[in-house]
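Under the working numbering, the sequence shown has 82 at position 82, and the numbering climbs by one with no breaks.
Don't take each hint at face value.
[To be verified] Quick list of the computed label-pair ranges, beta carbon to beta carbon: (1) 57 x 101: 31 to 41 Å; (2) 88 x 110: 16 to 26 Å; (3) 125 x 100: 15 to 25 Å.
Worth flagging that the hints you see were computed from the coordinates, not collected in a lab. Backbone N, C-alpha and C fix where the C-beta goes; we use that ideal spot for every residue, glycine too.
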Amino acid sequence: MFRAVVFACLAGLSAEPALAGQRATSESLVDCAALLTIPARAYPDRAAAQPGGGLSAVAEAFLDGAEGCAAAEGHAAPDAHIAALFQRKAALWDGRGMGFTVTEDFRDWMVYCRDLAGRLDIPLGR
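Can you make the complete structure from the sequences, with help from the hints?
Dropping the structure here:
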């Protein structure tokens with residue numbers, strides 16, 4: 001999977017401007033991870049009770065992909081870069097509240113994240 005992610009990152013697969021602006025693929029992957037874990041941060045007790053990690057496990061797959069992309073994008077310490085970026089993105093998305101998860105904007109992001117995962121061979125689970 002790492003090789004496919006690096007190839008896709010170097011090939012210029014970036015976020016669609018209408019959804020995510022012109023940004024690095026690693027940043028879009030971090031946005032997807034942060035969006036998927038809004039409920040886990042809002043309700044940590046419920047998240048801990050999910051067998052297999054639920055959406056948190058899928059978010060980890062996005063973060064793994066983001067680290068591979070960050071390395072391909074030239075970040076010297078991709079793991080630290082992605083960890084710090086995730087903290088900022090989580091705070092940003094959490095600021096919109098749980099109600100954001102039922103908006104058209106959130107739905108558009110989920111469609112985008114699913115498509116991005118498909119292009120980068122990031123497993124979404126089933």
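Exercise. For this structure, which hints from the list above don't hold up?
Worked result: 1
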